[in-house]
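> The chain contents come next:
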Amino acid sequence: MTAEPANATAAYENGLYVYCVTRGDGNRLLGPIGLDGQVVYTVGSGNIRAVVHTCQAEPYQSQDPQAVQGWVVAHQNVMLAAAEAFGTVLPMAFDMIVRGSPGAGAVAALRDWLDERRDRFTRLLDRLAGKAEYGVQVLWDRQVIAAWLVEGDDELHKMQNEAQGKPKGLAHLLQQKLAKTVRAAMEKQADLFAEDFYARIRRCVEDVRVDKLKKVDGGKAHPAAIHCGGDPRQMLLNLSCLMQEGSGDLGRVLDDIQRNKGISVRFTGPWPPYSFVGG
Amino acid sequence: MINIDEDNLKNGVLGLVLAVVEILRDALQNQATRRIESGSLTDEEVERLGAALADLDLAIEGIKREQGLEQAVQSVRDGLDDLVNDVVQRITGSSESSRGPLVADRREPVGANP
Amino acid sequence: MQPELPKAYHRATLVDLLDRVLDKGLFLRADLVISLAGIPLIGATLSLAVAGTQTMLKYGVLSDWDEAIRAVPPQQRQLLRERHPSGPLMASQAKLATTA
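Protein chains in written order, with numbering that gives the first Met the number 0: chain A, 0 to 278; chain B, 0 to 113; chain C, 0 to 99.
Looking at chain A on its own, in the form it has when it is part of the complex:
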């Protein structure tokens, strides 16, 4: 792989794959750490620059999981290298490739884009300095919680006892009724937990984004088929939190949350602030 001269003007057929935006001027070379081993360098305008590699003017797409995995991990790794070299980064989404137009290269187009967004990027860079993103997912074990709810509720407890010793048909119907009532109670409890935990977390971090809940599947069977050994865990809350790196407040709150019976927390990070650059 030949190294790209740092100030190469790409022909308009070429594209520039953009990894992130950082502060700084001058052109820098980060080496062949990009997707497919492409050489990563910077293209700047004034005191703002983008970390890029030259590529063909078409998106990276594949049906091969290994290929996609490699690209996505490379994308993240370049992000981290850039953070180490240049400080705060504003991460790009995957596969953002700038194209040139007839008469103007991709480099010119990218510089214009940076100029256009200079104020906004500068503000973001200031805001995000020294901070990182952390993923917080709160889960509960549906079986544990169901048992806990039934135990603590006279009505439900009564319903459960009522089904004992009854003939098959009646027992089945009573069980079904109980199951339905318990599901409703669980739905309500999930809301209560979510609001409570969200409030506690929100208080000790700078900013939060609420993400879509995901299915938890630790085993082969779907969570619905608990009796077949599926994962009984269900996600209550899926958050991305912005926090000073090194802050310990969130850890304490998450420990408290996990003291609740049947509740577990999944915590990942630090991440570059993907969720806080506003798309």
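Check each hint, because a few of them may be wrong.
Covered stretches of chain A (chain C as the covering partner; in silico rule of three or more C-beta atoms under 8 Å from a C-beta of chain C) [claimed, not checked]:
hint : stretch
1    : 63–73
2    : 84–97
3    : 267–273
Note that these hints are calculated values from the structure, not bench results. Don't be surprised by glycine CBs; every beta carbon is placed ideally from N, CA and C.
Since the structure of chain A is provided, determine the placement of chains B and C on it from the hints.
Chains B and C alone, transformed into the frame defined by chain A:
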């Protein structure tokens, strides 16, 4: 959109059929409960109805287990849920969960034991 | 400076990364970009295949992947087909093309 993934294709139509059967079973279950609570059935009728539903349950679970279709059937039902949600959204201009942003899209497996 | 991590610190999985790089981060303006935001890049089956099999270490250094939570991404993602490499400029690179 209904998620037709490898499992569904491999097992042909059986997964789809079972999903529909499950949904019907749930509807029957609900109707049975209402009829019982309204007091319009004799004890014997209640017992027969309950036993029939219990047998149906066992049969469905049995087939799913034997054919390894638990995931496929759930996928179809989830897909149908999404489909219905889309339609409802388009008609009413609102999304299924107006409970608030925190709890949007918590997927409650229908008919599953808690 | 060691940050005080919560007791249940998990290694990030590929799915955690996918959730971020595909749905979040900065986007380019539509007229500027080759790859438009929202173009589905990874199929649900694909994501299932990669999910739950690997873990990424804290600073992105690849090592042993261990099974954490496998999550199914939004069902909107569709499979795209591979394209074939094209163009004399990029002959040396393993570029993938798509058919429309």
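> Please check whether the stretch 84–97 of chain A has three or more residues whose CB lies within less than 8 Å of a CB on chain C.
Held - the stretch 84–97 of chain A has 9 residues with a Cβ nearer than 8 Å to chain C, which meets the minimum of three.
> Confirm or reject the coverage of the stretch 267–273 of chain A by chain C under the rule of 3 or more residues with a beta carbon closer than 8 Å to the chain's beta carbons.
holds (count 5)
> Okay, the stretch 63–73 of chain A and chain C, do three or more residues pass the C-beta test at under 8 Å?
The restraint on the stretch 63–73 of chain A holds, since 7 of its residues have a Cβ under 8 Å from chain C and three suffice.
Taken one by one, the earlier hints all hold for this structure without exception.
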